[in-house]
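**Q** Keeping the supplied structure of chain A fixed, place chain B upon it in accordance with the hints.
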Amino acid sequence: MPKIHIVDPVEERKPGKLKFPTVPLNAYKRTVAEEAKTLGKDAIVGMLEDMMLIREFEFMINEIKTAGVYQGMEYNHPGPAHLSMGQEASSVGQAYYLNVDDHIFGSHRSHGEILAKGMSAIRKLDDDTLMDIMKNFMDGECLAIVEKHVKTDSVKELARQFLVYGSLAEIFARKPGFNRGLGGSMHAFFTPFGIYPNNALVGGSADIACGAALYKRVNAKDGIVIANIGDASMGCGPVWEALNFAAMSQFNTLWPEDRKGGLPIIFNFMNNFYGMGGQTQTETMGYDVLARMGAGVNAEAMHAERVDGYNPLAVADAIKRKMELIKKGEGPVLLDTLTYRYSGHSPSDASSYRDKEEMDLWEAQDSIAWMKKEVKEAKILDEAGIEAIQADLVSVISAAMKLAIDDDVSPYVDPNFIEGIMFSNNTKPVLDDREPELDDAGDDNLRVKQISRRSRAGVVDGKVVPKNKVFQYRDSIFEAALHRFKEDPTMVAYGEENRDWGGAFACYRGLTEALPYHRLFNSPISEAAIVGTGVGYALEGGRAMVELMYCDFLGRAGDEVFNQMSKWQSMSAGILEMPLVMRVSVGSKYGAQHSQDWSALVNHIPGLKVVFPVTPYDAKGMLNTALSGTDPVIFLESQRLYDIGELFEEEVPEGYYEVPLGPPAKRRDGDDVTIITIGATLYRALEAADTLKEKYGMTADVWDCRSINPLDYEPLVESLKKTGRVVLSSDACERGSVMQSIAANLAQMAFDDLDAPPAVVGSRNWITPAYELEDAFFPQASWILDAIHTQLVPLEGHEVSSNQTATEKIRQNRLGV
Amino acid sequence: MATPIIMPRQGQSVESCILVEWLVDVGGALEEGTAVASIETDKAVFEVESPEAGTLVARFFEEGDDIPVLVTIAAVGEAGEDASDLKPAEAGGGEAAPEPEAAPAAAAEAPAAPVAAAAAVVGSGAKAVGISPRARKAAAASGVNAEILAGSGPEGRVIERDVQAAAAGQPRLSAAAKEAAASGLAVPAQGSGPGGMVLAGDLGATAAAAPAVVVSAPVGEPTEVPLVGIRKLIASKMHESLSTTAQLTMNMSFDATGIIAYRAKVKAQGEALGLPNITINDIVAYATVQVLRVSPEINARFLGDKSVQYPNVNLGIATDTDRGLMVPVVHGADQLSLSELSATAKPLLKDCQTGNINPDFLSGGTFTITNMGMLGVESFTPVLNIPEVAILGVGGLSLKPVMKDGEIKHVQSINLSLTVDHQVVDGAPGARFLKALCNSLENFELTLAK
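Residue numbers (this note's numbering), protein chains in the order written: chain A, 54 to 870; chain B, 3 to 452.
Fair warning: there could be bad hints in the mix.
Straight-line Cα separation of at most 35 Å, DSBU-like style, residue types lysine-lysine; simulated pairs [unchecked claim]:
no., chain 1, residue 1, chain 2, residue 2
1, A, Lys228, A, Lys188
2, A, Lys188, A, Lys502
3, A, Lys274, A, Lys209
4, B, Lys139, A, Lys748
5, A, Lys425, A, Lys201
6, A, Lys862, B, Lys89
7, B, Lys452, B, Lys437
8, B, Lys139, A, Lys746
9, A, Lys502, A, Lys209
10, A, Lys373, A, Lys426
11, B, Lys452, B, Lys308
12, A, Lys774, A, Lys746
13, A, Lys426, A, Lys455
14, A, Lys862, B, Lys139
15, A, Lys775, B, Lys139
16, B, Lys139, A, Lys719
17, A, Lys539, A, Lys313
18, B, Lys402, B, Lys452
19, A, Lys177, A, Lys274
20, A, Lys380, A, Lys539
21, B, Lys139, A, Lys774
Derived from the structure by calculation, the hints contain no laboratory data.
Only chain A is shown next, with the shape it has when bound in the complex:
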């Protein structure tokens, strides 16, 4: 909502015709002989070698999958193998001009891209740098194996063997593999060569690569980013979101001069015409030609063109031209790179959906056969030379396989290793050494001034400070964010209403004045891209704080949260970190699709830290902790609480402090019953505790599970040892909630101390009704008392207002409600 741009109705209502740029199809015309003169013969031979390397590598895996033997070595590989035979030219041509700073993100079918980009890097890096990379990678473990078994004086030769072995060991799930075998065939990568995570979710790399490009743009880093995704991924929402995100006008219209320009990214669709068993061009898509889609994204039609992926020179040429455009700030780019896979989608796919005739036609134009013919005709190589290359490749791949399948040389990781890489648990307050770019972020900032007039204590002289005079929960979010913006130059924040508006709940008011556009901006209504770009931004080494305006929108970012944000630290064997904080506001008042607490969904996913602070003190302290760490944190906030003051700590400190993630907070000391809450229910639980004391003479030990994962159970167990009774409550629907999970654990951990089974009081397993009916849906203080009375210890004279009996629960569950 940039105020400097007026949307003029006169302009908008004018009649006219919209014209689209022309989209070139297979425009490349040069011959191998001609390119040999410009690029040199070695370049041509190198391309052929790399294509043959990929072909032989994939052939080897295909032999293992289908026959269980390659070059006399027997092996069973039960894991996945999505082979790219037929697509070699598209990846080798792409890698030719790329430098190590240029990062590629791939798909499940990316063995060829790994090898092509790896060989490109090996050719471009000098020997010393190469040796440093190999020595420093996983303490030289992979290198040591290769050095011991492969005798060569050539660093580049060693590096090629390193690349092939490291990739193969990874595919075979071996510990010396590039990601300790925890990524595997579909996810292998090697960042020192600019090969970034390959992704098993179709189109999964689109928004992540977009985030990587965002990182390069925001932090003025060299290089471009390529998202290698398939033609069928054009049917995926998050891919569209990424295309649009990368093409946002604000990069050209609003961002500062030194950060201006569309994102430096090529969305390269490896178009092999099939998505699983569906033929895209004629069956499952309507685009006719994939490259057409660029025209729907921006005025430049994303500089889209169709490139002949059966000719590596055509691809290299296209990449070169697009890189020049991108360097001028004219990204993003869309490429429709034609190619064809000879094998099925995977070993279980017999290609029953395509004609043998079609496959024969493509194989008749096979890029490797064609290149061999061309180099012979151009007298660059003779048949003997080609045969020598082939023999060399077979020996390299055989050597790698021999090492990779040897359990002594290439063992599997101790499974306990995985526990240690689920989180990086590092504290890195600053992720780059440049001066952070700031505008009006000092004491003159309007928000800073406003806060300075507020009481940092919520209670003064025994009286609760009025809302408009107290330091509120939303001020805590602001202070923690501003602190990190001032410290860490890589820190960015974005979401659907983050700038100007200051966030739907005014947490960021004042940040618009404090920060230039590239550090705080409005995103499209694209939850998948919001989170996915955050993932890419963090993988590249930056710190992002993204926002989902309502928890209910989490489903829109399902894959990005469940499979990407949560997984890459561990799937990289701890090589990558994920300093990404996702703020999620939990609503109320707005009915069924704006009032849900889905903490259970994120808590269920391994690899996420999940917190739900409910006091201003914790909000600031926990956001500080999240923003100085290196792990992905889901930061839940309740819309009921943005305006509350601090009622538990003396005040919210002005300076920096951290609240550790893990320990629950004790909010009230008591002896007779433990009440554990998650989220805003704390305040209703305190009401219940008051009534319990006044009417029934019982005191409650009240605990706030502000950190859901990790969670330190010991204080809770200690409390149960004291009271013997526990009721858990939160605004989440009861079934499958975090409360049920905690209740089950406590029943086990403190069984002998329990006087009754844990009682859970959640929201009804219904839609959230209108605000006027919410009291029948969200847990009330009276429900907590009812549960205590009905399930834990009868309260003399208590009259229940809700049915908390086991019989009722059986009835409800029978009905599924």
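**A** Relative to the frame of chain A, chain B by itself:
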């Protein structure tokens, strides 16, 4: 729809029965009234009958299971019918239900049950929802028997506060004292243990574990006979008796010439008068009852801190059965004539032999008589049937030399062995009772005249 076969309630005091033996296999044909299983209370064996004709379609318990009364143990229906919906919650693999609160053969019930006035509410025995783990822990620490408490938690669950209330109303009890207290013995305000802890001895009773069957190796292939049912109860009861009381046995014989003659007379002429066959045992029992009427210190029970003396006599008559010693009780024996006493006791004894005794006739005694005379025993030391304070043992007829009219004559005499609990009854009152009884028997016609 199959029909449940339930574990019958064998008397008011019975909470559960042992399933001794299945008499019909699943699939077996049943008539209405066919005995399906034999069951045993701690006092007797019964048969469970099928309520209707059909096929036995399910059995929910194993032989040896201890099953609460009124629980479905089997189902009768049409062959092949699925009766799994009748399967009770109590059924399961192995031991289905906890060992019942054993009601000893002569537990205090019929005449006033003087349970200590503890603050705890003692459960009615109805099945409550359970005892919380925390309450169990608290009970173990404070010596309260949580099993007998009425719970104040949801649906009657015994929760910590119930145990605390019980503990506050009584002194701390040792583990053994806790169990003893559960049997109804009064708990003193102060015990003799450390810090005033009440020990089992303070209650005059110790709940003892059943003695283990010791098998020594070199004596051939051993046969292990597990103690179950009545045998198990006798074991603990006898041990408890000897270990918790101060038993003093004294012997005295009387000239039985008179009662032998009386019995012969009844035998010869009684039938014509409609009199039952009067035995020596009947005569001794009758005389004993009469003397007990005037010996309140002997017709009594010892309840830890007091002796409770009864004006009326419920006479227990020990009898040997295939399953072990049983003591049927003739209630209100002091109200009966000799012939009535005889006529009342005989069917009880017979029911014990056949295992059909109503368990209600196995409790409530105030004094017990045991006769080993027919087995040739002359004199023995009867073991008290606690909490009764005395028991009379009757020996067999023997010739005893006596000085009569200046010469030694041999007279038919019977030895009486009286065991008293010296905690309550001293030797002299015991001796006086014995002397009075001997006099009564030697002058039986006068006794009858009273």
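**Q** Against each hint, give a clear statement of whether it holds in the structure.
**A** Here's how the hints hold up against the structure:
1. Lys228/A <-> Lys188/A: holds (16 Å)
2. Lys188/A <-> Lys502/A: Status violated; Cα separation ~53 Å.
3. Lys274/A <-> Lys209/A: The given pair, whose Cα atoms are some 27 Å apart, holds under the 35 Å limit.
4. Lys139/B <-> Lys748/A: holds (29 Å)
5. Lys425/A <-> Lys201/A: Between Lys425/A and Lys201/A the Cα gap is close to 34 Å, so the pair holds against 35 Å.
6. Lys862/A <-> Lys89/B: holds (23 Å)
7. Lys452/B <-> Lys437/B: holds (18 Å)
8. Lys139/B <-> Lys746/A: holds (26 Å)
9. Lys502/A <-> Lys209/A: Since the Cα atoms of Lys502/A and Lys209/A sit roughly 60 Å apart, the hinted pair is violated (cutoff 35 Å).
10. Lys373/A <-> Lys426/A: Distance ~25 Å between Lys373/A and Lys426/A Cα, so the pair holds.
11. Lys452/B <-> Lys308/B: Given pair Lys452/B, Lys308/B holds - Cα atoms ~32 Å apart, limit 35 Å.
12. Lys774/A <-> Lys746/A: holds (20 Å)
13. Lys426/A <-> Lys455/A: holds (32 Å)
14. Lys862/A <-> Lys139/B: holds (29 Å)
15. Lys775/A <-> Lys139/B: holds (13 Å)
16. Lys139/B <-> Lys719/A: Cα-Cα ~26 Å, so holds.
17. Lys539/A <-> Lys313/A: holds (22 Å)
18. Lys402/B <-> Lys452/B: Between Lys402/B and Lys452/B the Cα gap is close to 29 Å, so the pair holds against 35 Å.
19. Lys177/A <-> Lys274/A: holds (19 Å)
20. Lys380/A <-> Lys539/A: holds (29 Å)
21. Lys139/B <-> Lys774/A: holds (11 Å)
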